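Order-wise, the sequence lines are chains Y and P.
Note that the first sequence covers residues 1 to 298 in the working numbering.
Note that the second sequence covers residues 1001 to 1313 in the working numbering.
The hints are simulated quantities; they were obtained by calculation from the structure and are not laboratory data.
These figures come from a predicted structure and were not determined experimentally.
Accuracy of the hints is not assured; some may be wrong.
What the hints assert, rightly or not - The list that follows gives simulated cross-link-like pairs (lysine-lysine, BS3-like), each with its CA atoms no further than 30 Å apart:
no.: 1; chain 1: Y; residue 1: Lys231; chain 2: P; residue 2: Lys1193
no.: 2; chain 1: Y; residue 1: Lys136; chain 2: P; residue 2: Lys1131
no.: 3; chain 1: P; residue 1: Lys1085; chain 2: Y; residue 2: Lys190
no.: 4; chain 1: P; residue 1: Lys1133; chain 2: Y; residue 2: Lys231
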Amino acid sequence: MHIHTIFRVLFILAILSKNQAIAQDTSLHDYLIDSEPWKEVVGGQTFTDGLCTDSAGNLFFTDVKNGKGVYKLDAATGQVSLVHDNLPGISGLQFGPGGILYATHNKEQRVISIDKDGKIDVLVTGVKCNDLVVTKKGFVYFTETPTKRIHCITPDQQHRIADEGHVTKPNGISISIDEQTLAVSDYGGKHVWTWRIEADGALTAASPYMTMELLTGKVEAAGDGMTTEEKGRYFVTTDLGVQIFDPMGRLSGIIAKPVATGKIVSVEFAGKDHDILFVAAEDKIFSRKLKVKGYFGH
Amino acid sequence: MKPFSLLFLALTSLATLTAAPQDDQYVLGPDSLPKEGVPHGKVIAMDPWRSKIFDGTVRDWWIYVPAQYDASKPACTMVFQDGGKANVKDSKFGGSNNAVWVFDNLIHAGQMPVTIGIFISPGSFPAADAKEKPRSNRSFEYDTPDALYSRFLLEEILPEVSKTYKLSDNPEHRAICGASSGGICAFTVAWEKPDAFRKVVSHIGSFTNIRGGYGYPSKIRQTKLENSLQTYNTPELKAVLESRRKIRVFLQDGTGDIDNQFGNWPLANQDMAAALKFAGWDYQFVLGEGTHNGKHGASLFPDTMRWLWRDVK
Chain Y
1 MHIHTIFRVL FILAILSKNQ AIAQDTSLHD YLIDSEPWKE VVGGQTFTDG
51 LCTDSAGNLF FTDVKNGKGV YKLDAATGQV SLVHDNLPGI SGLQFGPGGI
101 LYATHNKEQR VISIDKDGKI DVLVTGVKCN DLVVTKKGFV YFTETPTKRI
151 HCITPDQQHR IADEGHVTKP NGISISIDEQ TLAVSDYGGK HVWTWRIEAD
201 GALTAASPYM TMELLTGKVE AAGDGMTTEE KGRYFVTTDL GVQIFDPMGR
251 LSGIIAKPVA TGKIVSVEFA GKDHDILFVA AEDKIFSRKL KVKGYFGH
Chain P
1001 MKPFSLLFLA LTSLATLTAA PQDDQYVLGP DSLPKEGVPH GKVIAMDPWR
1051 SKIFDGTVRD WWIYVPAQYD ASKPACTMVF QDGGKANVKD SKFGGSNNAV
1101 WVFDNLIHAG QMPVTIGIFI SPGSFPAADA KEKPRSNRSF EYDTPDALYS
1151 RFLLEEILPE VSKTYKLSDN PEHRAICGAS SGGICAFTVA WEKPDAFRKV
1201 VSHIGSFTNI RGGYGYPSKI RQTKLENSLQ TYNTPELKAV LESRRKIRVF
1251 LQDGTGDIDN QFGNWPLANQ DMAAALKFAG WDYQFVLGEG THNGKHGASL
1301 FPDTMRWLWR DVK
């Protein structure tokens, strides 16, 4: 006669177990391949940054200190070419709807878009922009590290400050796979913050949702570039390596840096199947094939 | 031999005999099920709670009010993590650990005080697009070893329940219970606010390194009186120490519990129990053979309540 009650208990337990099944599912063994270590794919730069990909899996990047513009590492040939000249000092790149490339042009303190013909539109000026993400609906979010701000540019090119003051040094930025949550890494703290993305693009419910591991003796994780994997895990470059968080904000593991010393500042999945993880490590870019793919919304 | 050990032995012997899967040995006894002639308390569904402390979250919750509740006398309180939604239409609805029936039976028998149960789910952030799923805030609220969740209970939930029901503010009259991350959360609430909560029940508690909660054993060890002077070295901290040492803790885990990148649950719970023993706290630890579920904890729950509330009539 109490079968209902017992079933209900079992049902609740099943939910608890399911949560834990997700937890157990997040070990590094689930995405690293032993025979695929980091390897150098681009060298001879000064300070690589701005990694992003397109639907074909080509990798785009900049040399933020000394480059001429936007470079492409071709997914098919492995060749590097300069695809957009006369744009030095870009720190963040990201494709949006319709194959438009968006860039945080840090050196010129502006955010721009570049269409397929190379025509440039200036979206915002007078901002110390760092990194950006573009939603499927065409909202652009970018970080402004020194002012503690996250900005939003709507699809009709209205610009507003979406958050200010929560993150000490907002730096890397990424989005959940359902595009309902925005995530920003703190270069000057230990959290990756999240917000709910409202229908009009506004950010609400700021929360220090993920806690990054720190080097011994440090209080800042140096959270930098971010990307999202297709199952919803967030990848964040830090002092300690690429830290990975599951969608519930739990640290799943840390992929060691390709170089023992030196910074990694940008991370992206690219390659024709979007299953090769690239990191920008100062004068070089390294990559390694993973068992998982990146999320690519466009 | 204590009732616990007897029950435990009986259950393990049964398991050996029947060779059932390791969790099936844990079944609910008569005190966890409705009994003839026992007055049944009220299960009241509450409106979804929109938190200010966990800004942007919404959560389900419900309360249990025993039939013996008397508005002229402050009632004891017990909070349950992962409370879920009340099914008020189902006359058999028992909540986690069948607590509704356990409370009915034990309060009627005079084996625990008149206690209002608050069953509350972790928050979630609803997606702006109704087609998408909400994002769970459970790990942030439960696994983080800090004061935020206790503040949420003390500043938002208890005051809301107190609008309708008279609750005792004596910390000995307040208990908190949870499973897995909800279990470490129960301990964290008492640890952070020992002047508000002094009774803890943790089933399959996640005292592992999800968000730093594996640090508790060493912190508990520092509350041993002979070892506490370095840590609790001001009058304020000495008061905290005194209060923490009055926390009563019930822990349950199973040897088949999780072993993963966050830690080993059975070892972590044994480490907690060893620390509580070392520091001389009032605790009980039951290590069974189960896996990561609440069956064993639920089967023990009536005895757990008798032990937990034994000082309150």
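Do the hints match the structure? See the list:
no.: 1; hint: Lys231/Y - Lys1193/P; verdict: violated (38 Å)
no.: 2; hint: Lys136/Y - Lys1131/P; verdict: holds (15 Å)
no.: 3; hint: Lys1085/P - Lys190/Y; verdict: violated (35 Å)
no.: 4; hint: Lys1133/P - Lys231/Y; verdict: holds (14 Å)
The structure fails to meet hints 1 and 3 from the earlier list, while all remaining hints are met.
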